[in-house]
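Protein chains: 4
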Amino acid sequence: MSQSQTPAPALDSTKLKELKEKLITACHILDHEGVTDGYGHVSVRVPGADAFITIANVSPGNVTSDRLIMQDLDGNYLGGAKTPPNEWPIHACILKARPDVMAVSHTHSKWSTIFSVLPVKLKPMHHYGKFLSADGPPVYQGIGLVRTVERGNDLAKALGDGPVVLMRAHGDAVVGASVEQVIERTTRLAMLGEWNHLALLHGQPRYLTDEELKVYNEDQRFPMRGWEYYVSRLKKRME
Amino acid sequence: MSQSQTPAPALDSTKLKELKEKLITACHILDHEGVTDGYGHVSVRVPGADAFITIANVSPGNVTSDRLIMQDLDGNYLGGAKTPPNEWPIHACILKARPDVMAVSHTHSKWSTIFSVLPVKLKPMHHYGKFLSADGPPVYQGIGLVRTVERGNDLAKALGDGPVVLMRAHGDAVVGASVEQVIERTTRLAMLGEWNHLALLHGQPRYLTDEELKVYNEDQRFPMRGWEYYVSRLKKRME
Amino acid sequence: MSQSQTPAPALDSTKLKELKEKLITACHILDHEGVTDGYGHVSVRVPGADAFITIANVSPGNVTSDRLIMQDLDGNYLGGAKTPPNEWPIHACILKARPDVMAVSHTHSKWSTIFSVLPVKLKPMHHYGKFLSADGPPVYQGIGLVRTVERGNDLAKALGDGPVVLMRAHGDAVVGASVEQVIERTTRLAMLGEWNHLALLHGQPRYLTDEELKVYNEDQRFPMRGWEYYVSRLKKRME
Amino acid sequence: MSQSQTPAPALDSTKLKELKEKLITACHILDHEGVTDGYGHVSVRVPGADAFITIANVSPGNVTSDRLIMQDLDGNYLGGAKTPPNEWPIHACILKARPDVMAVSHTHSKWSTIFSVLPVKLKPMHHYGKFLSADGPPVYQGIGLVRTVERGNDLAKALGDGPVVLMRAHGDAVVGASVEQVIERTTRLAMLGEWNHLALLHGQPRYLTDEELKVYNEDQRFPMRGWEYYVSRLKKRME
Chain S
1 MSQSQTPAPA LDSTKLKELK EKLITACHIL DHEGVTDGYG HVSVRVPGAD AFITIANVSP
61 GNVTSDRLIM QDLDGNYLGG AKTPPNEWPI HACILKARPD VMAVSHTHSK WSTIFSVLPV
121 KLKPMHHYGK FLSADGPPVY QGIGLVRTVE RGNDLAKALG DGPVVLMRAH GDAVVGASVE
181 QVIERTTRLA MLGEWNHLAL LHGQPRYLTD EELKVYNEDQ RFPMRGWEYY VSRLKKRME
Chain B
1001 MSQSQTPAPA LDSTKLKELK EKLITACHIL DHEGVTDGYG HVSVRVPGAD AFITIANVSP
1061 GNVTSDRLIM QDLDGNYLGG AKTPPNEWPI HACILKARPD VMAVSHTHSK WSTIFSVLPV
1121 KLKPMHHYGK FLSADGPPVY QGIGLVRTVE RGNDLAKALG DGPVVLMRAH GDAVVGASVE
1181 QVIERTTRLA MLGEWNHLAL LHGQPRYLTD EELKVYNEDQ RFPMRGWEYY VSRLKKRME
Chain X
2001 MSQSQTPAPA LDSTKLKELK EKLITACHIL DHEGVTDGYG HVSVRVPGAD AFITIANVSP
2061 GNVTSDRLIM QDLDGNYLGG AKTPPNEWPI HACILKARPD VMAVSHTHSK WSTIFSVLPV
2121 KLKPMHHYGK FLSADGPPVY QGIGLVRTVE RGNDLAKALG DGPVVLMRAH GDAVVGASVE
2181 QVIERTTRLA MLGEWNHLAL LHGQPRYLTD EELKVYNEDQ RFPMRGWEYY VSRLKKRME
Chain W
3001 MSQSQTPAPA LDSTKLKELK EKLITACHIL DHEGVTDGYG HVSVRVPGAD AFITIANVSP
3061 GNVTSDRLIM QDLDGNYLGG AKTPPNEWPI HACILKARPD VMAVSHTHSK WSTIFSVLPV
3121 KLKPMHHYGK FLSADGPPVY QGIGLVRTVE RGNDLAKALG DGPVVLMRAH GDAVVGASVE
3181 QVIERTTRLA MLGEWNHLAL LHGQPRYLTD EELKVYNEDQ RFPMRGWEYY VSRLKKRME
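These protein sequence lines are chains S, B, X and W, in that order. The opening position of the first sequence corresponds to residue 1 in the working numbering, with each subsequent residue numbered one higher. The opening position of the second sequence corresponds to residue 1001 in the working numbering, with each subsequent residue numbered one higher. The opening position of the third sequence corresponds to residue 2001 in the working numbering, with each subsequent residue numbered one higher. The opening position of the fourth sequence corresponds to residue 3001 in the working numbering, with each subsequent residue numbered one higher.
Hints listed in this document are in silico derivations from the structure and should not be mistaken for laboratory results. The structure presented is a predicted model; accordingly, all values stated were derived computationally and were not measured. Virtual Cβ for every residue (Gly too), placed ideally from N, Cα, C. Please note: incorrect hints may appear among the correct ones.
Here's a subset of chain B near chain S, in silico, CB distances under 10 Å, partners left out [what the hints assert, rightly or not]:
{"id": "1", "residue": "Leu-1011"}
{"id": "2", "residue": "Leu-1078"}
{"id": "3", "residue": "Gly-1079"}
{"id": "4", "residue": "Ala-1081"}
{"id": "5", "residue": "Phe-1115"}
{"id": "6", "residue": "Ala-1169"}
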């Protein structure tokens, strides 16, 4: 794969300015919506290159442009903040294994954590979950921070070609075709986790079947307003 | 019905100014109270005409006067923002079927969604639920967005002559004799959903019977302060 | 009782200024802490007189000095806002039956409502509940708003000589020796309701016995900081 | 132990300035994060002396530098606000029994209270709980405020050499090697309490074993960002 890629532009080049701003906004949204606390990170692939940008040892809610770092998919330093985040292999290994993925988030989401240690599964019961399969996301069982390429590859394997993998006693990793989609999915996953929890207390919920999910997924005019909405909430807070 | 109606005034006429402002406030309230997230809409019938005003492809919390649209009850464009909301038939079909209804809300309320996929029902257990019948609202089982008149009519049929219909894996539709009443009902429905959920975890709640609901409904001096209260909360936030 | 009392001073006399301000603060606290929504009221006895002050047809969170009303314990108008609140008999009848009581609150508290319709009881399981008896408050079963002296007397009877009565499908009434104590109790009751709810989901909680409650009640140096704390929270919001 | 210690510097000496500011910030964090309400306190050992600083009869969220008090480990007054907090023995007795401990918090945490009265235990199910043992913290069963050295010693005995002791019908005490660590642990404990509660409703959670906890504890590069993060949240509120 690497051969067909061009080298990444410099992290401070104007080509990457918009992408970096979007990444920072994405991190702030996850913090503001209560999905992340002091931990977690979002990454974005540098278009056309075997490289990605993420945040380095800072809480997502506090990230600023000088805390971004660029690495290649083997974890080599390409620019920005000097110290790579401990769990850079989450991003590098998933982006390497999944050329269709442009952005990855990793959070310690309360709801993902809870379903990661339970015998019951988190399944779509609202059309917000149409990006999931009817039987819900798999759970990565590994223990310890994902700080090696070996663990990163195990996690990518557990993710498979799906949108989400829960991580036992840890949280989740969510992927998407854009930063916006990853934020839409990460926030929806947390919402669905809560709704699954609530409904499961009253009996067997009527989940959406694969066929029913297909109806929603085939509807191309389905509005994707998560990004726009969460950006507006962030702005209202800062006013 | 159409024959006896006068044509709707222009959307920007002063006749509709107050109604439009009320509609915008209603949308902002549902967002501020956490009943809607990035989706959902409120509509209001244009008095004396076969037409209604709603919001076009914008989050309820972000709506401004230039994002309003006026349509007739068949969905024909009458003014305002160019693109009708995807689910305009929710409003058009209910307003056509129910001449007594002046306003409609559609939300993805967490609590409506949960009760829409469960074997247990959301029933009145506080006098805030006096607008419901003792056995609670029906559930529309249709899958897919309500983007056709056929589906809209199915939904209106499931609503019947009641105040509320839950929508499986989707949310709810609530109707009222005014924008204010729809907001009062929509917020109360969410509150009652939560309270039903909480109480049901501890055994069989003692619900209000139809006779007991009648006692509250016959009390004409019962104060309706929901609108006034929620408007004041909205203002406090914006101070 | 009435014979031994002096007439109430005028509602706008300087004698009542501080008491009125305290009453307004009390209402704002209940709103800010989420115990009341658009409904409910707090009342305070006029010292040495068969009279009380409460709020007239306004949400507790929105009350201002021109929305206060003074009535005697039979509900006769003594000054202030022209229209008595619908449920003035809650206050008048309790204050008449309980000379030891100086202030009363009535709320539609979520937690009181829930325990009002359940077979399980809300009991003290934290020393915050030391003002309750070990078997928790009784439930008034009456249906309909408490708008008559007959209903008010029934409610006062259900309260007995206790600090709290839950009201089925409606909320609660809480009494105290001062406005501050009523606020402390009303907020603690809501907190204990939530904690009872949570604990009960995991088995039989170990409640405090009457003897254990006595240990806390005999400790005269027990700090009562509820009022001071909630006032400070109110001020922080308004900064 | 006392013989080898030097006397404490004056409470208003510049040597203690930074420590006092940190203590105040710690209290404000616990209030802002909703772990404490009007009650509770944090204390810090005066480095190298048999003395500690805590807050005197004020809500943690309202503490200012003139409400700090310094005492020795027998409770003798050494400076600052005149009245010692009622429960000073919590701090004095634990600091005396545990020379490794530099800071102590005592809160009425909702989640600690709930698990203090239940047959089920609060156990680590996320790596945030790596400071706990696999079977979770013990529960001190004493009734009444901890206002005597005898009770303080009983509490210290129940704590043993662990990081946390729950206090029946009361809350918890948490210790650490620094103010920062105590805040990290106290906030994590509340978070884990909630997560335990949620997960336990759906069956037996898969907890972390002692061996798995060891994996996380041996990872010395594990980031401790709790303090930094909560300070930033406090600042955002005050902006």
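request  = Would you check whether B/Ala-1169 satisfies its interface hint, that is, whether its CB is within less than 10 Å of any CB in chain S?
outcome  = holds (5 Å)
request  = Classify the hint on B/Leu-1078 as holds or violated, based on whether any CB of chain S lies nearer than 10 Å to its CB.
outcome  = Violated: closest Cβ of chain S sits about 21 Å from B/Leu-1078, beyond 10 Å.
task = Identify whether the interface hint at B/Gly-1079 stands, where standing means a beta carbon of chain S within less than 10 Å of its own.
result = It is violated, given that the least Cβ distance between B/Gly-1079 and chain S is near 22 Å, above 10 Å.
ask   = How about B/Leu-1011: closest beta carbon in chain S under 10 Å, or not?
value = violated (22 Å)
B/Phe-1115 as chain S interface residue, shortest Cβ-Cβ below 10 Å = Where the cut-off is 10 Å and the nearest Cβ of chain S is about 9 Å from B/Phe-1115, the hint holds.
task = Mind checking the CB of B/Ala-1081 against every CB in chain S and telling me if the closest is under 10 Å?
result = violated (14 Å)
Of the numbered hints given earlier, the model fails hints 1, 2, 3 and 4; all others are met.
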